[in-house]
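*Asks:* Next come the chains, spelled out residue by residue.
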Amino acid sequence: MSLVNLHQVHKYYGDHHVLKGIDLVIKAGEVVSIIGKSGSGKSTLLRCINGLEQYQEGGITVDGKEVTTEDIQVRRLALSVGMIFQNFNLFPHMTVGENVMLAPTIVLKKSKAEAEATARAMLEKVGLAEKFDSYPEKLSGGQQQRVAIARALAMSPKVLLCDEITSALDPELVGEVLKVLEQLAKEGITLVLVTHEMNFARDVGSRVVFMHQGKVWEQGDPKTVLSNPQTDELKQFMGAVL
Amino acid sequence: MIEFSNYDILRNLLFATQWTILLSLAAFIGGTTVALTLTAMRLTRNPAMQRIVKIYVELFQGTPLLMQMFLCFFGLSMLGYEISAWGAAILSLTFFTSAFLVEIWRGCIDTLPKGQWEASRCLGLSFLQTLRFIILPQAIRVATAPTVGFSVQVIKGTALASVIGFVELTKVGTMLNNATFEPFKIFTLVALIYFMLCYPLSLYSKHLEKKFNVSR
Chain A
1 MSLVNLHQVH
11 KYYGDHHVLK
21 GIDLVIKAGE
31 VVSIIGKSGS
41 GKSTLLRCIN
51 GLEQYQEGGI
61 TVDGKEVTTE
71 DIQVRRLALS
81 VGMIFQNFNL
91 FPHMTVGENV
101 MLAPTIVLKK
111 SKAEAEATAR
121 AMLEKVGLAE
131 KFDSYPEKLS
141 GGQQQRVAIA
151 RALAMSPKVL
161 LCDEITSALD
171 PELVGEVLKV
181 LEQLAKEGIT
191 LVLVTHEMNF
201 ARDVGSRVVF
211 MHQGKVWEQG
221 DPKTVLSNPQ
231 TDELKQFMGA
241 VL
Chain B
243 MIEFSNYDIL
253 RNLLFATQWT
263 ILLSLAAFIG
273 GTTVALTLTA
283 MRLTRNPAMQ
293 RIVKIYVELF
303 QGTPLLMQMF
313 LCFFGLSMLG
323 YEISAWGAAI
333 LSLTFFTSAF
343 LVEIWRGCID
353 TLPKGQWEAS
363 RCLGLSFLQT
373 LRFIILPQAI
383 RVATAPTVGF
393 SVQVIKGTAL
403 ASVIGFVELT
413 KVGTMLNNAT
423 FEPFKIFTLV
433 ALIYFMLCYP
443 LSLYSKHLEK
453 KFNVSR
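Here the protein sequences come in this chain order: A and B. Under the working numbering, the first residue of the first sequence is numbered 1, with each subsequent residue one higher. Under the working numbering, the first residue of the second sequence is numbered 243, with each subsequent residue one higher.
Only chain A is shown next, with the shape it has when bound in the complex (with noise of 0.2 Å):
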């Protein structure tokens, strides 16, 4: 079943024209990588599957629902979509516990025990339930991402958005933040992530999404695609990052 559905998606900056006409149906369960060179519009795409970003022409639905950046749907959307950024975004001023069981408590209106007991569960599951009480900055990076994850799953997302969240961390810190994504792969979430990981993109990854010039140029089985590149395109990219 198809959770994810884009079609002939056209995506704007003024005269820019980022976004030419993308297809893409995502199944329950897939863990897609979107790669391409910077400026392909991989994080555009991504953002208009949450509706952070508003597409000109074409459709995309979510669970069956259309996706829009009216704030009504978005905050619909919320509940179906989970995303987690580069830069983790954590909220400073408050611990990583509260970080967790904001939106729970006041978006699903959950009860304060209710969300504490979410809220401890998905740090564990991220292995930093010792942390609850810890301000963000006190948290290396792998860390503050790990929290942003266990965030966003508190709110039970059918897909996990991935927006290079391993790019602003130190070499040594990437492992556990994909770790953490591996063991949700296994788990059955879905996701969908923009990244230069392309181990992960082989070994984790169920399918490989090339983008190149604001289209889809190649996509499959992520070890046939990897190995085998078809186009010019990506033989060019995959001897840039190896």
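The hints are simulated quantities; they were obtained by calculation from the structure and are not laboratory data. Note that the structure is predicted; figures quoted are calculated from it, not measured. Ideal Cβ placement from N, Cα and C applies to all residues, glycine included. Heads up, a few of these hints could be off.
[To be verified] Calculated pairs, SDA-like style, for lysine to any residue (alpha carbon to alpha carbon, straight line, at most 25 Å):
(1) K110(A) to W359(B)
(2) K215(A) to Q236(A)
(3) K138(A) to F375(B)
(4) K20(A) to E164(A)
(5) K186(A) to S167(A)
(6) K110(A) to R374(B)
(7) K20(A) to W217(A)
(8) K452(B) to R348(B)
(9) K158(A) to E360(B)
(10) K112(A) to S156(A)
(11) K158(A) to D71(A)
(12) K356(B) to T95(A)
(13) K138(A) to T353(B)
(14) K110(A) to F369(B)
(15) K109(A) to K452(B)
[Claimed, not checked] Per label pair, the in silico range of CB-to-CB distance:
(16) K398(B) to H17(A): 53 to 63 Å
(17) K215(A) to R287(B): 46 to 56 Å
(18) G39(A) to K398(B): 45 to 55 Å
(19) S444(B) to H10(A): 48 to 58 Å
(20) L313(B) to K109(A): 46 to 56 Å
(21) K109(A) to G357(B): 18 to 28 Å
(22) H10(A) to Q303(B): 35 to 45 Å
(23) F312(B) to S134(A): 22 to 32 Å
(24) G21(A) to G357(B): 25 to 35 Å
(25) Q54(A) to L318(B): 44 to 54 Å
(26) T353(B) to R120(A): 25 to 35 Å
(27) Y446(B) to S134(A): 29 to 39 Å
(28) S319(B) to L108(A): 55 to 65 Å
(29) L313(B) to D133(A): 52 to 62 Å
Dock chain B against the given chain A, drawing on the hints supplied.
*Replies:* Chain B only, in chain A's frame:
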């Protein structure tokens, strides 16, 4: 002619200081209330609202406070609204204070990363919830020091109310000078009193700024 002893002079000045403090407080409270409303209007993505705030700020920042006071006092009377010097002073100082605070606060809110808004949005928080739980708590921390610092401008601004006949520190100073012809003594005292009101606030503002910078 009545003789004024130093004690009389000081007593009268200190009595008038109460009115300066009261006027400053009223202007500051009025100013923050209006500025809060304007800040909320500016943050909505409604272009008409934002435009109103922009015009308001430019109008009141771009004209002298004294002219605003004249217009409030004489202008409103000419239009048929009787307004006391006290009322006109509060009204114009409220305009003045809010026009500056709204800009100061805008700067503070703009220093927060855009990601804070986006993360809130992605978690399903509404605009007002984002303001209340995410933006304001952080912005207030940043804004406290400059806001306290600006309150010094408000206190000094109240001196202009003497021109429309409101009896506060400066006005009493002028009156005492007219009676005693000792301008140096009188106005030194007046200046000292203003300084004693303002200096602790400046110090406090600096302290807050330091405190904020350390905790970052």
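*Asks:* Each hint should be assessed against the structure and marked as holding or not.
*Replies:* Cross-check of the supplied hints:
no.	hint	verdict
1	K110(A) to W359(B)	holds, 22 Å
2	K215(A) to Q236(A)	holds, 16 Å
3	K138(A) to F375(B)	holds, 21 Å
4	K20(A) to E164(A)	holds, 22 Å
5	K186(A) to S167(A)	holds, 23 Å
6	K110(A) to R374(B)	holds, 18 Å
7	K20(A) to W217(A)	holds, 11 Å
8	K452(B) to R348(B)	holds, 21 Å
9	K158(A) to E360(B)	holds, 19 Å
10	K112(A) to S156(A)	holds, 17 Å
11	K158(A) to D71(A)	holds, 20 Å
12	K356(B) to T95(A)	holds, 20 Å
13	K138(A) to T353(B)	holds, 21 Å
14	K110(A) to F369(B)	holds, 20 Å
15	K109(A) to K452(B)	violated, 38 Å
16	K398(B) to H17(A): 53 to 63 Å	holds, 55 Å
17	K215(A) to R287(B): 46 to 56 Å	violated, 31 Å
18	G39(A) to K398(B): 45 to 55 Å	holds, 52 Å
19	S444(B) to H10(A): 48 to 58 Å	holds, 56 Å
20	L313(B) to K109(A): 46 to 56 Å	holds, 50 Å
21	K109(A) to G357(B): 18 to 28 Å	holds, 25 Å
22	H10(A) to Q303(B): 35 to 45 Å	holds, 43 Å
23	F312(B) to S134(A): 22 to 32 Å	violated, 57 Å
24	G21(A) to G357(B): 25 to 35 Å	holds, 29 Å
25	Q54(A) to L318(B): 44 to 54 Å	holds, 46 Å
26	T353(B) to R120(A): 25 to 35 Å	holds, 33 Å
27	Y446(B) to S134(A): 29 to 39 Å	holds, 30 Å
28	S319(B) to L108(A): 55 to 65 Å	holds, 57 Å
29	L313(B) to D133(A): 52 to 62 Å	holds, 55 Å
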